[in-house]
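K.L.:
Protein sequence lines correspond, in order, to chains G and A.
For the first sequence, this note's numbering assigns the number 202 to the last residue and increments by one with no breaks.
For the second sequence, this note's numbering assigns the number 310 to the last residue and increments by one with no breaks.
In case anyone wonders, no lab produced these hints; they're calculated from the structure.
Heads up, some of the hints might be wrong.
To be verified - Computed, partial: chain G to chain A, Cβ under 7 Å:
hint, residue
1, Asn52
2, Val86
3, Gly90
4, Met91
As the list claims (entries may be wrong) - Below, a list of computed lysine-lysine pairs in the BS3-like style, where the Cα atoms sit at most 27 Å apart:
hint, chain 1, residue 1, chain 2, residue 2
5, A, Lys277, G, Lys116
6, G, Lys121, A, Lys274
7, G, Lys33, G, Lys169
8, G, Lys116, A, Lys293
9, G, Lys169, G, Lys110
10, G, Lys98, G, Lys116
11, G, Lys110, G, Lys98
12, G, Lys121, G, Lys98
13, A, Lys293, G, Lys110
14, G, Lys116, A, Lys274
15, A, Lys244, A, Lys293
16, A, Lys277, G, Lys110
17, G, Lys125, G, Lys169
18, G, Lys186, G, Lys110
19, G, Lys169, G, Lys121
20, G, Lys169, G, Lys184
21, G, Lys169, G, Lys36
22, G, Lys110, G, Lys175
Said to hold, decoys possible - What follows is a set of in silico ranges between Cβ atoms, one per label pair, in the way DEER data are often shown:
hint, chain 1, residue 1, chain 2, residue 2, range
23, A, Ser273, G, Gln199, 28 to 34 Å
24, G, His202, A, Ser273, 28 to 34 Å
25, A, Asp257, G, Lys33, 43 to 49 Å
26, G, Ala152, A, Asp301, 39 to 45 Å
27, G, Glu73, A, Asp257, 28 to 34 Å
28, G, Glu34, A, Lys208, 55 to 61 Å
29, A, Lys274, G, Gln199, 30 to 36 Å
30, G, Val141, A, Glu224, 29 to 35 Å
31, G, Glu177, A, Ala288, 54 to 60 Å
32, G, Asp71, A, Asp246, 54 to 60 Å
33, G, Arg95, A, Asp257, 24 to 30 Å
34, A, Ala265, G, Pro200, 50 to 56 Å
35, G, Gly35, A, Gln225, 48 to 54 Å
Cβ coordinates follow ideal geometry from the N, Cα and C atoms, glycine included.
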Amino acid sequence: MAHVHEITVWTRGVVKDKEGRDVASALTSAADKEGKFTQAFDNYVDLPDRVNVPVRKYARISDEEIEMRYDYENENPEVVVVVDSVMVKGMDILRGMKGGGILVVNTNRKPEDILKFIPNKNLLKAIACVDADGIAGSSTVDFSGTEGGVDATGVGSGIAAPLLGAVAKATDLVKLENLTAVVKNKEALRLGYENVVIQPVH
Amino acid sequence: MFKIPKEREVPFAGVTPAPVAEQPMMITGNWRTYRPVLDAEKCDLCLNCVHYCPDACWTLDDAEESVLWNSKYCKGCLICVNECTAEALIKVHELDFEDGVVRLEKLF
Chain G
1 MAHVHEITVW TRGVVKDKEG RDVASALTSA ADKEGKFTQA FDNYVDLPDR
51 VNVPVRKYAR ISDEEIEMRY DYENENPEVV VVVDSVMVKG MDILRGMKGG
101 GILVVNTNRK PEDILKFIPN KNLLKAIACV DADGIAGSST VDFSGTEGGV
151 DATGVGSGIA APLLGAVAKA TDLVKLENLT AVVKNKEALR LGYENVVIQP
201 VH
Chain A
203 MFKIPKEREV PFAGVTPAPV AEQPMMITGN WRTYRPVLDA EKCDLCLNCV
253 HYCPDACWTL DDAEESVLWN SKYCKGCLIC VNECTAEALI KVHELDFEDG
303 VVRLEKLF
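My request is simple: use the sequences and hints to build the entire structure.
P.N.:
Here it is in structure tokens:
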């Protein structure tokens with residue numbers, strides 16, 4: 001059985017829900033262009049979301065068909081994306097990580113300022129900090145596409161775009177040019193790719 | 203009436219034991235992005251924060267000399283900052299504080 005790359009996105013209900021969903025769906029759409037087997041979905045347990053509650057979005061990328069397709073949670077994520085930096089303080093965002101993982105945080109603070117709130121940071125290989133709020137300016141509050149309907153605002157028009165650029169640089173899951181074809185705000189995607197601060201964790 | 207053995211009793215759906223003042227099974231402090239910080243010298247005890255807080259996170263202390271903030275249940279809605287007449291409350295980003303970590307193993 002081929003290895004399935006599991007990506008977990010932590011975000012806030014309603015106000016940043018679409019941003020988290022865009023990160024997961026754009027990653028899988030870009031990987032789909034490379035001929036990978038992919039899957040992107042919400043955490044059912046966290047729904048229905050209310051304003052500001054922690055919610056999770058999941059993505060899976062694999063070279064072969066995903067046998068764990070009907071598992072409804074990513075038990076062992078290797079990449080964790082945090083859309084709201086305060087969430088590193090609230091809960092164990094690295095739960096289930098087996099070690100050597102990558103954490104991507106939307107923050108304008110230094111990596112060490114974030115790491116001091118993570119007690120199990122020894123599971124990480126590297127941390128990537130990108131000021132997605134500063135680059136994209138605003139987050140999209142939109143329910144379009146929530147229930148599998150047509151996504152009218154487009155994927156990656158808010159802070160999801162610089163976060164995706166950061167994921168592309170910090171990991172080797174997807175190529176930047178495939179993300180560029182998927183994401184709406186291409187300038188923010190490029191700025192996120194260029195301005196991300198990646199620091200190895202020892 | 204049925205006699206249910208103690209070990210087979212299940213809680214009624216959605217019902218948690220009645221809290222006295224706090225409900226430890228429903229801590230929501232990790233919803234917060236900004237926290238209200240009180241400047242005690244400016245505070246004139248108008249009690250707007252106590253009255254307007256939707257989650258009763260502001261209370262008057264027993265000596266009735268200051269208001270107390272409950273970090274475990276404050277969701278950071280900042281209504282208190284908006285309603286403060288003496289401008290004694292300001293919002294500060296949560297990552298500026300080392301304390302107040304309400305780390306939940308289960309989300310809800």
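K.L.:
Are the hints correct? Go through all of them and say.
P.N.:
Each hint tested on the structure:
1. Asn52: holds (4 Å)
2. Val86: It holds, given that the least Cβ distance between G:Val86 and chain A is near 5 Å, below 7 Å.
3. Gly90: holds (3 Å)
4. Met91: Hint holds; G:Met91 Cβ to chain A Cβ min 5 Å, cut 7 Å.
5. A:Lys277 <-> G:Lys116: holds (22 Å)
6. G:Lys121 <-> A:Lys274: holds (24 Å)
7. G:Lys33 <-> G:Lys169: Holds: G:Lys33 and G:Lys169 sit about 18 Å apart, inside 27 Å.
8. G:Lys116 <-> A:Lys293: holds (22 Å)
9. G:Lys169 <-> G:Lys110: Roughly 18 Å separates the two Cα atoms, so the pair holds.
10. G:Lys98 <-> G:Lys116: Satisfied, since the Cα-Cα distance of roughly 20 Å is no more than 27 Å.
11. G:Lys110 <-> G:Lys98: Judged against 27 Å, a Cα distance of about 25 Å means the pair holds.
12. G:Lys121 <-> G:Lys98: Given pair G:Lys121, G:Lys98 holds - Cα atoms ~12 Å apart, limit 27 Å.
13. A:Lys293 <-> G:Lys110: With a Cα-Cα distance of about 21 Å, the restraint between A:Lys293 and G:Lys110 holds, given a limit of 27 Å.
14. G:Lys116 <-> A:Lys274: holds (20 Å)
15. A:Lys244 <-> A:Lys293: Between A:Lys244 and A:Lys293 the Cα gap is close to 15 Å, so the pair holds against 27 Å.
16. A:Lys277 <-> G:Lys110: holds (25 Å)
17. G:Lys125 <-> G:Lys169: holds (14 Å)
18. G:Lys186 <-> G:Lys110: Distance of about 25 Å is within 27 Å: holds.
19. G:Lys169 <-> G:Lys121: holds (20 Å)
20. G:Lys169 <-> G:Lys184: holds (18 Å)
21. G:Lys169 <-> G:Lys36: Holds. G:Lys169 to G:Lys36 sits at ~19 Å (cutoff 27 Å).
22. G:Lys110 <-> G:Lys175: holds (26 Å)
23. A:Ser273 <-> G:Gln199: 28 to 34 Å: Given about 30 Å between the Cβ atoms, the range holds.
24. G:His202 <-> A:Ser273: 28 to 34 Å: Since the Cβ atoms of G:His202 and A:Ser273 sit about 32 Å apart, the hinted range of 28 to 34 Å holds.
25. A:Asp257 <-> G:Lys33: 43 to 49 Å: holds (46 Å)
26. G:Ala152 <-> A:Asp301: 39 to 45 Å: holds (43 Å)
27. G:Glu73 <-> A:Asp257: 28 to 34 Å: holds (29 Å)
28. G:Glu34 <-> A:Lys208: 55 to 61 Å: Hint holds: Cβ distance 57 Å, inside 55 to 61 Å.
29. A:Lys274 <-> G:Gln199: 30 to 36 Å: Holds - the Cβ-Cβ distance for A:Lys274 and G:Gln199, about 32 Å, lies within 30 to 36 Å.
30. G:Val141 <-> A:Glu224: 29 to 35 Å: Since G:Val141 and A:Glu224 have Cβ atoms about 32 Å apart, the given range 29 to 35 Å holds.
31. G:Glu177 <-> A:Ala288: 54 to 60 Å: holds (56 Å)
32. G:Asp71 <-> A:Asp246: 54 to 60 Å: holds (57 Å)
33. G:Arg95 <-> A:Asp257: 24 to 30 Å: Holds: the Cβ-Cβ distance is about 27 Å, inside 24 to 30 Å.
34. A:Ala265 <-> G:Pro200: 50 to 56 Å: This hint holds: roughly 52 Å between Cβ atoms.
35. G:Gly35 <-> A:Gln225: 48 to 54 Å: About 50 Å separates the Cβ atoms of G:Gly35 and A:Gln225, which means 48 to 54 Å holds.
In summary, this structure violates none of the numbered hints.
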